[in-house]
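Given chain A, work out where chain B should sit, using these hints.
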Amino acid sequence: MYDFNFWVLVPYLPNFLSGARLTLELSGLAILASFPLGLVGALMRISRRPLARGLATGFVEAVRNIPLLVVLYILFYALPAWGVPLDAFSAGVLGLTINSTAFTIEIFRSGFAAIPPGQYEAARALGLRSVQSFGLVIIPQVFRIVLPTLGNQVVAVVLGSAQASIIGVGELTYQTQSVGSATFRYFELFTLAALFYILCAQLIGVLWRLVSGRAARAPLGA
Amino acid sequence: MIASGHFGNYLLLLLEGAGVTLELSLGALILGSIAGVVLGAMRGSRRRVVKALAAIYIEGLRSTPFVILLFLMYYAVPVALNLDIPPYPAAITALSLHCSAYMAEVVRSGIEAVPKGQWEAAAALGLGYPRIMGLVILPQALRVMIPPTIGVYVSTLKESSLASIIGFVELLGQGMAIRESNAGGSTADVLLAVAFGYFIICFTLSRLGLRLERHTTREVREGARAGGTVSG
Numbered sequence: 004m005y006d007f008n009f010w011v012l013v014p015y016l017p018n019f020l021s022g023a024r025l026t027l028e029l030s031g032l033a034i035l036a037s038f039p040l041g042l043v044g045a046l047m048r049i050s051r052r053p054l055a056r057g058l059a060t061g062f063v064e065a066v067r068n069i070p071l072l073v074v075l076y077i078l079f080y081a082l083p084a085w086g087v088p089l090d091a092f093s094a095g096v097l098g099l100t101i102n103s104t105a106f107t108i109e110i111f112r113s114g115f116a117a118i119p120p121g122q123y124e125a126a127r128a129l130g131l132r133s134v135q136s137f138g139l140v141i142i143p144q145v146f147r148i149v150l151p152t153l154g155n156q157v158v159a160v161v162l163g164s165a166q167a168s169i170i171g172v173g174e175l176t177y178q179t180q181s182v183g184s185a186t187f188r189y190f191e192l193f194t195l196a197a198l199f200y201i202l203c204a205q206l207i208g209v210l211w212r213l214v215s216g217r218a219a220r221a222p223l224g225a
Numbered sequence: 013m014i015a016s017g018h019f020g021n022y023l024l025l026l027l028e029g030a031g032v033t034l035e036l037s038l039g040a041l042i043l044g045s046i047a048g049v050v051l052g053a054m055r056g057s058r059r060r061v062v063k064a065l066a067a068i069y070i071e072g073l074r075s076t077p078f079v080i081l082l083f084l085m086y087y088a089v090p091v092a093l094n095l096d097i098p099p100y101p102a103a104i105t106a107l108s109l110h111c112s113a114y115m116a117e118v119v120r121s122g123i124e125a126v127p128k129g130q131w132e133a134a135a136a137l138g139l140g141y142p143r144i145m146g147l148v149i150l151p152q153a154l155r156v157m158i159p160p161t162i163g164v165y166v167s168t169l170k171e172s173s174l175a176s177i178i179g180f181v182e183l184l185g186q187g188m189a190i191r192e193s194n195a196g197g198s199t200a201d202v203l204l205a206v207a208f209g210y211f212i213i214c215f216t217l218s219r220l221g222l223r224l225e226r227h228t229t230r231e232v233r234e235g236a237r238a239g240g241t242v243s244g
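Line order of the protein sequences matches chains A and B. Numbering of the first sequence is given in the numbering used here, commencing with residue 4 and proceeding in unit increments. Numbering of the second sequence is given in the numbering used here, commencing with residue 13 and proceeding in unit increments.
Bound conformation, chain A alone (with noise of 0.2 Å):
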């Protein structure tokens, strides 16, 4: 029977720590890149312009339909060898950044398509641009409906970002791997990892309905 040793971990505490530091950092810096592009892109795609409408829609459907880390090996490997040298740690922003904004693209999309289209005539007859309204009438109505879904998107990031170990961005999952490799406790160490992620994705999912259901009750245009 296996006998599981928890404590033999406790010497390799600094490797976890600077291991999620390192998870939290990735997924942050591509979530903060990738939500303001994703608004951009859902904007060229529901756009009358065809060039801005094609190249949001052929970049939506080349990222959904490529593995992750196909697009991390692409950046890490590929890059190199047209000129262009990126260290791991930059590949993993990079790469969870592309995938990002393409599910939010998406996201961002359906929040326009949710808006009645009365809206929108409202605001012309107000007299507004179209970025008047765009900015003052639409995109706080769907900033609103998409919240919900944009908070799932932060998840995903989140668990995205295991996946830049592999092209050796020290984060958790790498972290794991290495302690795995010198103390051959891999199943205390991955179970704790799973938890790691799972405890993420909760307390993200709670923060995220505290901050949104704020952000529901808010009035608009105040």
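Rather than coming from a laboratory, the hints here were simulated on the basis of the structure. Hints may be right or wrong, so weigh each one.
[Claimed, not checked] Across the chosen pairs, the derived CB separations fall in these ranges:
no., chain 1, residue 1, chain 2, residue 2, range
1, B, R223, A, R132, 36 to 42 Å
2, A, P83, B, R223, 47 to 53 Å
3, B, L27, A, P83, 24 to 30 Å
4, A, V214, B, L27, 44 to 50 Å
5, A, A218, B, P101, 42 to 48 Å
6, B, G20, A, G57, 30 to 36 Å
7, A, R132, B, L24, 54 to 60 Å
8, B, L23, A, N155, 36 to 42 Å
9, A, P39, B, S193, 39 to 45 Å
10, B, G20, A, R24, 34 to 40 Å
[What the hints assert, rightly or not] Some chain B residues well away from chain A (every beta-carbon gap over 10 Å; in silico):
no., residue
11, L38
12, I46
13, P127
[Stated by the list, open to error] Per the computed footprint, the stretches of chain B lying under chain A, defined by three or more beta-carbons under 8 Å from a beta-carbon of chain A, are:
no., segment
14, 60-70
15, 136-144
16, 170-180
17, 198-208
18, 214-221
Don't be surprised by glycine CBs; every beta carbon is placed ideally from N, CA and C.
Relative to chain A, chain B alone:
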């Protein structure tokens, strides 16, 4: 770019890899669907313990990165049980577990789409829960479930690329093997070809799912208008 190297020779290997990818993820989808039906039915159960167990399983698996699940199967379980698990069984088990959590959600929303009256009618006929579920509800839910199942298949197929890191040679694994054999010269070509392979498979499947979905929604809407049920 594509002109460099012996690309024609690689193509066959990549096609073979794509076949393995399709097979691996289809296997996981089938196993995951079986587990998903059980889990989905458990979530619809009236017994609180059964319901909670299924919810914990689904939520836990959905918030564990697939890499971790794969490493649990490949590194952790063998150490704990003192047995050897080769890459293929490890990959298909991890993928099936992952898939089952997502299929459970598909099954649950499929069950919810069946009108309440069907439950009442089946209960009025004197059927018990397992029979109501198996003979009346699930067959009707199946139709609504097909498009999202294709979505789960696509995401499972994408996740299956991670099996390459434990040494299983599917599409990405084949690409990485070609890359190593060629001392890095054609890295970009091979990776782009692999990406293109995944794109073609996933794009085609996604389109198929979308078409079926439009078809189903129309059917359900027309059925509702005629006063009938999903099964008409």
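| task | List, from low to high, the hint numbers that the structure doesn't satisfy. | result | Failing hints, ascending: 2, 10, 14, 15.
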